[in-house]
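**Q** Make one complex out of these two single chains by using the hints.
Chains as they are written, first to last, in our numbering: chain Z, 1 to 154; chain D, 1001 to 1286.
Everything labelled a hint here was simulated from the structure, so no lab data went into it. Beta carbons: idealized from backbone N, C-alpha and C, even for Gly. Among the hints, erroneous ones may be present.
Some residues of chain D that are not near chain Z, with every Cβ distance over 10 Å (derived) [claimed, not checked]:
hint : residue
1    : M1060
2    : G1119
3    : G1127
4    : D1162
5    : S1183
6    : H1192
7    : P1219
8    : M1222
9    : H1263
Short, incomplete list of chain Z residues facing chain D, as computed with Cβ under 8 Å [as the list claims (entries may be wrong)]:
hint : residue
10   : E55
11   : R59
12   : H63
13   : D64
14   : A65
15   : G68
16   : A69
17   : T74
18   : L99
19   : A140
20   : L143
21   : L146
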Amino acid sequence: MNTVGHFLSEHPFFHGFTSEQLQELVKCGRDVRFEQGEFLFREGDEARSFYVVREGRIRIEIHDARQGAVGVQTVERGDVLGWSWLVPPYLWHFDARALRTSLAVALDGERLRDLCDHDPVLGYEFLKRIAGLMEQRLQATRLQLLDLYSEPRA
Amino acid sequence: MNLVLEERAVAARDPMRPRPFRVRRVHRDLPDTTTLEIEPPGPDHSCAFSPGQFNMLYVMGKGEVPISLSGDPAKGGCFVHTTRAVGPASRAVTELRKGDLVGVRGPFGHGWPVDVAAGGDLVIVAGGVGLAPLRPVIYHVVRRRRQYRRVAILYGARTSSDILFRRELEKWRGRLDLEVRVSVDRGTDDWHGSVGVVTTLIPQVSFPLSEATAFVCGPEIMMRFTTRELAQAGIREDRQYISMERNMKCGVGLCGHCQWGPHFVCKDGPVFRFDRVARLLWQREM
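Chain D with its partners taken away, still in its complex shape (with noise of 0.2 Å):
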């Protein structure tokens, strides 16, 4: 084996070593959001992931942060990253350039269960940034829509300039087979749509909930209320899935950096059945 496919090799085993990925395209979605797409170092390197997984991505210099994947999981050839710019290495990736390195691990964890809501009615609440980790859910649900039944996407923002992907959240909406609502907690006089928190939308969902599974990204305390106004409508804990974010660090629960009482997010989540975990939400200590 020559050294250069011997190196592939322990890339593709190690899941501590970053692989140098090239910047191919930037879209700058927000002021401080930024969606990159990424190109391996090589044909023989896979994209495959799943929605809800994330990578590790490192800025030379800047540090290592965890972003979740925002693609479309069908589509190969390179990862899809949004970010948003919270903290020097977050906005290091925002400020990354076509062209550029930035050291990818991953994907890592546990993604949405696309197959569990399968053949039933599924309803996707997000909120602000949350929206990104539960894109490629929606791309999947959009290709095999015939695989599930009503689908309502419900997304909140702070205000309509706050929007994310707010192109294809009005292609999905006219589309007549999802239901698309969207809320904003602030509404200025250019936007005619709903004002109020996202939870506020699930009442207003068109068809009754109680045999839907729900996939919910956001905030923390936009998660807390969710679930609960989820539960109102009759969707059962267990039916309930969340995206949770905590200080991931080596990608395969390893470290215990992002230990969530019994649970490494990084590797047991991000995702989880919002009954397996709802204790720990509600706790302060944690």
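So here's chain Z without its partners, still in its complex pose (with noise of 0.2 Å):
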């Protein structure tokens, strides 16, 4: 199994596929590197890849022209980045900016969208995590809206 292999292999997001089904998921993946600063995707370019952070620290941002680039989160090593490879119309809909160097694995979403299809029991699988990722960002920017350490109102 080569580094990529290994890798997703051992990375909980990961943790319960066949390795079939594993072996499959490795092909799609590929090892990429962003330099600080680096733009990993910006908003409305095609959403081409589902990552695997390996190292670093990538920020998640919209722009605004009045308040410049606003961070919204941050990943860092062991997170996964991005699903809008996964729904039409496959577009990214914020920045990605690596704040320091960044290693990760990147698995093309198209070959992840066709293995999906092709193999349903693996594609119900992937979403399932999918979902459950969706479910914590969910929680998480619930919490961000309500903006918990502002002054209490009367």
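**A** This is how it looks when you write it as structure tokens:
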């Protein structure tokens, strides 16, 4: 098994897949590196990849002419990033920028979709994990929206 | 006994009678948050306290407000309070100047069980000004570092400019025997650290939390979600402690203003073992 395969097999997101399924998933992956300040993707770009972060820190942000870049979340070693490759129109809704040199495994979104279509068992399992991830992010976003540390309203 | 000594003795006995402290030093931490050092009227007035306890501070003519102690419990001679201006009385506390008098009743309540946590791993989770009641714990742990195993401090703030005790957090992060992680809810361009709610820092702690004790302080909603995330990380509810804030008035469990289910927050708390209050924390009517 190559380094991508070894890394993915150890990663909690991929625990529980059969070795055959894992092998197919590994075929979609490649090592990528982003220098500090480099964008992984920008809002409106075609969403081509699902990232599993090996090292570094990546900030998901949205740009506004008045406020500049506003970070809404960071992902770090062990986190996974991006599900827009799964949902039409397959476009990123945010920017993602490396805050420091970052390493990741990028899984090809189109190949992942094909894999999920042709192997519904794998597809369902993959989707459940993405749904779990979405649930976590939704909860975190709700807490952020509450603006917990602002002055209590009278 | 002369009159002055008698008065002091009465003040020491009577928890309802404020002692006149004088503001020795004022430090503006954030635009709405101030740390005061206040000294007692004489050397025979003790400033001893346990981490997590609070005093009732009375600003003449403005009102009285419970404020937790945020200084080093090993350093006597004065009380240190960090106050955020959220109402008229707390705003009056933040507007005190060097030399002003402030009435003090306390210290009151049960604090953080630093001895229970000794000998094991410790994770401290604070949000916003909730770091203030936990700072005495951090001083205590740093001073007795050998008594604790692995220690993580997780802190969440609104933005990078709202980070309380920033210089101290940076100093603690510089130590090789403390794991300090800070996250902000909203990442501005000058912030290159973590962005996201403080709960997202819990899975990032570098050691397994299953055997750790957790001390949590912050807004109630933050504590609810933090305790849930800590449980998911394997920390039993009876190893988690939270610091509650309710409408404390008398400080000794007489007036009932701070009653919370069967508890009086001022007397039985403000620090509670989580398994004893978990049910109340999730109850809307409480």
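**Q** Next item in the hint list is A140 (chain Z). Is there a CB on chain D closer than 8 Å to its CB?
**A** holds, 5 Å
**Q** Is the Cβ of G1127 (chain D) more than 10 Å away from each Cβ in chain Z?
**A** The claim breaks: G1127 (chain D) does not keep its Cβ more than 10 Å from every Cβ of chain Z (closest is about 6 Å).
**Q** In terms of Cβ atoms, is chain Z entirely out of 10 Å range of D1162 (chain D)?
**A** Non-interface label fails for D1162 (chain D): nearest chain Z Cβ at 6 Å, not farther than 10 Å.
**Q** Under the criterion of a CB-CB separation shorter than 8 Å, is G68 (chain Z) in contact with chain D as hinted?
**A** holds, 5 Å
**Q** Does D64 (chain Z) pass the interface hint, meaning its C-beta sits closer than 8 Å to a C-beta of chain D?
**A** Result: violated, 11 Å to nearest chain D Cβ.
**Q** Could you check that no beta carbon of chain Z comes within 10 Å of the beta carbon of H1192 (chain D)?
**A** The assertion about H1192 (chain D) is violated, with a minimum of 5 Å to chain Z.
**Q** Once the closest CB in chain Z is found, is it more than 10 Å from P1219 (chain D)?
**A** violated, 4 Å
**Q** Per the CB criterion, is L99 (chain Z) less than 8 Å away from chain D?
**A** Holds - the Cβ of L99 (chain Z) comes within 8 Å of chain D, reaching about 5 Å at its closest.
**Q** Against chain D, is L146 (chain Z) within 8 Å by beta-carbon distance?
**A** holds, 6 Å
**Q** Restraint: R59 (chain Z) near chain D, CB-CB cut 8 Å. Satisfied or not?
**A** It holds, given that the least Cβ distance between R59 (chain Z) and chain D is near 6 Å, below 8 Å.
**Q** Checking the smallest CB distance to chain Z, is M1222 (chain D) really beyond 10 Å?
**A** violated, 5 Å
**Q** Could you check if T74 (chain Z) really has its C-beta closer than 8 Å to a C-beta on chain D?
**A** holds, 5 Å
Hint compliance for this structure: hints 3, 4, 5, 6, 7, 8, 10, 12, 13, 14 are not met, and every other hint is.
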